[in-house]
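If you read the protein sequences in the order shown, they are chains A and E.
Note that the working numbering has the first sequence beginning at 1, numbered continuously upward.
Note that the working numbering has the second sequence beginning at 398, numbered continuously upward.
Hints may be right or wrong, so weigh each one.
What the hints assert, rightly or not - The calculated EDC-like cross-link candidates involving lysine to aspartate or glutamate, where the alpha carbons are at most 20 Å apart (straight line), are: (1) A:LYS138 <-> A:ASP104; (2) E:LYS615 <-> A:GLU345; (3) A:LYS138 <-> E:GLU476; (4) E:LYS472 <-> A:GLU364; (5) A:LYS142 <-> E:GLU476; (6) E:LYS451 <-> A:GLU375; (7) E:LYS451 <-> A:ASP98; (8) E:LYS451 <-> E:GLU476; (9) E:LYS451 <-> A:GLU99; (10) E:LYS440 <-> A:GLU99; (11) A:LYS142 <-> A:GLU345; (12) A:LYS142 <-> A:GLU94; (13) E:LYS440 <-> A:ASP98; (14) E:LYS658 <-> E:ASP610; (15) E:LYS487 <-> A:GLU375.
As the list claims (entries may be wrong) - If you only want the chain E side, here are some residues facing chain A, beta carbon under 10 Å, derived: (16) ILE479; (17) LEU494; (18) LEU549; (19) VAL576; (20) VAL612.
None of these hints come from the bench; they were simulated from the model.
These figures come from a predicted structure and were not determined experimentally.
We put the beta carbon where it would ideally sit given N, CA and C, even for glycine.
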Amino acid sequence: MNPRATKIAINIGSGLLPGLDLVLAGAALAADGLGIEVVGIRDGYDGLLYPERYREGGLVPLRPGIADTAGRGGSLIGVAARTDPFRVRTITPENQVDEVDRSDDVLEALRAAGIDAVISVVGGSAITGLHALSVAFKLHRKGLRTVCVPKSVENEIASVPQALGYNSVLSHTAEMLERIRTGAQDIGRLAVVEVPGQHAGWLALQSGMAALADAVLLPEIPYDLAKVASTLADHEGVGRRPALVVVAEGARPVAGGATAAPDAGGLRASLTPNADPEFGEGEHVIDRTGAAAKSVALALQRLTERDVLPFSLGHLVRGGASTALDRQLALAYGAGAVRALHAGEDGVMVTFQPPDLKTIPLRETLNRIRTVPAESELMHIARALGIAFGDQGEVRP
Amino acid sequence: MSPASTGATPLTGRVLNIQHFCTNDGPGIRTTVFLKGCSLRCKWCCNPESIHPKPELAFDLKKCIGEKECGLCLKECPENAIYVSDADGKVRINWDLCTNCGKCVPVCPPEALYEFGREMTVDEVLAEVEQDASFYRESGGGITLSGGECTLQPDFSAALLAEAHRRGINTAIETAGNVPWEFFQRVLEHVDTVLHDHKLSDPARHMQWVGVDNVRIKANFQRAYEAFPEKTFIARTPVIPGVNDDEEHIRTVLAFIRPYKNVINYQLLPYHRYGESKYGFLGRVYALKDFPSLPADTLRRLQGIIDEAFGRATDAKTASA
């Protein structure tokens with residue numbers, strides 16, 4: 001059994017989401033009741049690595065009073081931009097830029113500040129994905145007492161059915177989709193809207209269902225736009241006006257399907273062995289914001305008589321206030337993480353599994369992604385609602 | 398055996414790649430040898446795999462045949478940094494746990510896992526380069542050392558270029574100049590054409606976008622112009638929208654280079670995104686992901702200023718990157 005923590009620090013990994021300040025409030029309230037002191041580390045680990053950059057020294061005391069103003073959005077203590085304590089960019093005495101491991105400095109700074117455990121709010125976005133979780137895991141491996149709180153736009157964290165912030169982003173996304181669909185339907189156009197979701201299509205699927213999209217393209221199911229176009233025609237046939245196609249940013253076409261073929265890439269690309277003709281020049285490369293919507297819209301335009309308009313929601317849906325569910329979740333995750341540390345837990349992540357708040361070992365969530373199962377009941381229901389996925393299993397309405 | 402590689406242990410360099418038939422890396426058709434290791438961190442870098450001096454793991458998802466068919470890498474990784482995605486059954490790399498030990502590379506049959514960078518001798522490099530020898534004679538081309546920063550390996554670069562000269566091959570380097578003068582000097586002695594970057598004029602903005610200021614770089618260039626009057630220097634700027642696509646930068650560079658007759662040209666290289674997919678292979682994020690492309694009229698306007706300074710008629714055509 002670990003000795004009880006007396007001073008806890010909290011930091012937040014990259015990726016803003018609604019409700020982060022409420023996690024801090026939840027932790028401060030729970031800690032106060034247990035006689036534990038809580039501080040926030042500014043901007044991930046920067047508050048420890050560069051205390052001189054901050055007027056208050058990089059660590060912010062978090063007292064119960066913050067609960068009075070929390071819930072308005074933002075993160076209060078900042079999120080880690082790109083600082084990784086294991087690869088900190090420095091300028092060497094030889095005036096060269098280099099990345100060095102400063103994880104020992106982080107551990108030493110924590111010791112010097114009398115902090116005996118850290119709560120890391122982790123998870124969040126595209127390629128960096130669970131980068132903050134991996135960093136927390138490595139620090140834990142070096143002896144730091146750690147409890148993680150899951151947050152995510154994609155809700156893709158393994159063993160975590162409800163990551164913080166997902167419900168708010170879903171709500172904002174569905175509201176935007178509904179507005180776009182109404183507008184597009186009215187003027188007889190087809191909107192192709194890209195939403196966050198590099199690895200998992202939960203957000204595209206659930207927001208698409210909520211806004212009654214005609215088609216939803218997921219990272220999990222390679223799409224054939226000819227099939228999507230045929231569903232759109234079917235919708236017209238039964239008197240529905242197709243107006244909305246939702247595309248997760250990580251959605252990919254099936255090999256050989258009707259897609260916007262990227263330009264082979266010119267002379268240089270064809271002459272250089274390292275250049276990949278599938279990428280070539282231009283923007284059909286990795287996750288350039290809006291690229292998925294653009295390429296789908298272009299290809300779909302050839303297959304439909306309606307004017308097609310691409311949109312990208314991207315960062316528009318990540319800010320703002322929390323939904324009631326996320327407010328409750330944020331406060332519970334903050335308080336739950338403090339209680340877990342107080343109970344002597346270490347190297348775990350809190351996860352809400354109603355009516356319980358459970359903890360799972362970090363190893364169980366590391367290196368796994370929670371994706372949408374193609375054969376789930378949710379997918380069958382979506383098909384029953386007439387939503388096309390561009391695959392084999394289309395059901396005519 | 399060539400003089401460059403005699404001795405008990407032949408001199409080797411960390412080579413990233415050798416590209417044939419390059420037309421933008423100096424006069425004529427050239428073979429460009431990319432060396433690994435760079436002392437800068439330009440946010441627009443199109444060769445991210447060249448930055449770190451040591452060999453690095455790269456992963457091409459499209460080539461992976463999946464855990465069911467293969468799965469050999471999963472057993473090999475001592476760090477548990479390789480895992481399987483439920484979505485497609487193929488593996489992924491946790492780049493934060495990967496230590497670049499390279500144990501997974503030889504066991505990967507489709508070569509989805511591979512390594513950027515290997516040690517090569519001067520003779521090995523030149524054997525590859527000389528395959529294109531007939532093109533050099535026809536076009537006035539030769540070998541170009543690029544990077545990374547080729548002058549960070551001064552012994553290897555100097556030996557390679559000296560041996561190329563001995564074999565009658567024209568030599569060029571692409572350099573950003575952020576190295577000790579001794580390194581720079583040692584390499585320049587064996588170079589015919591020096592393609593060198595003036596990325597940003599203002600030291601603070603240079604620091605912001607490139608990682609260090611440009612004080613030593615400018616000092617090195619000025620000293621090189623004066624110390625090597627017989628060499629050909631070509632100044633270049635990778636033009637990045639909103640970063641250095643302003644007239645002030647172009648005019649500052651022109652004021653810096655025009656007093657020297659051996660700086661024969663100033664080329665603009667419009668920002669492109671060739672490097673973007675390679676960031677994905679390395680599990681890194683491209684900082685300029687959502688940057689716009691450079692408008693053609695901006696490029697024409699900046700090129701006009703350069704043509705005027707060099708006393709040429711303005712040409713609508715500009716150098717392409």
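Verification of the supplied hints:
Taking the CA atoms of A:LYS138 and A:ASP104, the gap is about 11 Å. The hint holds against a cut of 20 Å. Only pairs whose Cα atoms come within 20 Å are accepted, and E:LYS615 paired with A:GLU345 is rejected, the gap being roughly 56 Å. Restraint check for A:LYS138 and E:GLU476: the C-alpha separation of about 11 Å stays at or below 20 Å, so the hint holds. Only pairs whose Cα atoms come within 20 Å are accepted, and E:LYS472 paired with A:GLU364 is accepted, the gap being roughly 18 Å.
Taking the CA atoms of A:LYS142 and E:GLU476, the gap is near 14 Å; set against the 20 Å cutoff, the hint holds. Among the hinted pairs, E:LYS451 with A:GLU375 is inconsistent with the structure: their alpha-carbon atoms are about 45 Å apart, more than 20 Å. Annotation: proposed proximity of E:LYS451 to A:ASP98 holds, straight-line Cα distance about 12 Å (limit 20 Å). A threshold of 20 Å between alpha carbons decides the hint, and for E:LYS451 with E:GLU476 the separation of about 19 Å falls inside it, so the pair holds.
A distance of roughly 12 Å separates the Cα atoms of E:LYS451 and A:GLU99; the hinted pair therefore holds under the 20 Å criterion. For the hint pairing E:LYS440 with A:GLU99, the CA-to-CA distance comes to about 15 Å; that is within 20 Å, so the pair holds. With a C-alpha separation of about 16 Å, the suggested pair A:LYS142 and A:GLU345 falls inside the 20 Å cut-off, and the hint holds. Between A:LYS142 and A:GLU94 the CA atoms are separated by roughly 30 Å; this puts the pair beyond 20 Å, and the hint is violated.
As the CA atoms of E:LYS440 and A:ASP98 are separated by approximately 14 Å, the hinted pair is consistent with the 20 Å bound. Pair hint E:LYS658 plus E:ASP610 does not hold up; C-alpha atoms about 26 Å apart against a cutoff of 20 Å. Between E:LYS487 and A:GLU375, the direct Cα distance comes to roughly 19 Å. Compliance with the 20 Å bound is thereby established for this hinted pair. This hint holds: E:ILE479 has a C-beta 8 Å from the nearest C-beta of chain A, less than the 10 Å allowed.
Annotation: E:LEU494 was flagged as interfacial toward chain A, and the flag holds, the nearest CB pair being 6 Å apart, inside 10 Å. Interface restraint check: E:LEU549 against chain A, minimum CB-CB distance 8 Å, threshold 10 Å, status holds. For the restraint placing E:VAL576 at the interface with chain A, the shortest Cβ-Cβ distance is roughly 8 Å, inside the 10 Å limit, so the hint holds. With a least beta-carbon distance of about 9 Å to chain A, the hint placing E:VAL612 at the interface is held under the 10 Å criterion.
Violated hints for the displayed structure, listed by number in ascending order: 2, 6, 12 and 14.
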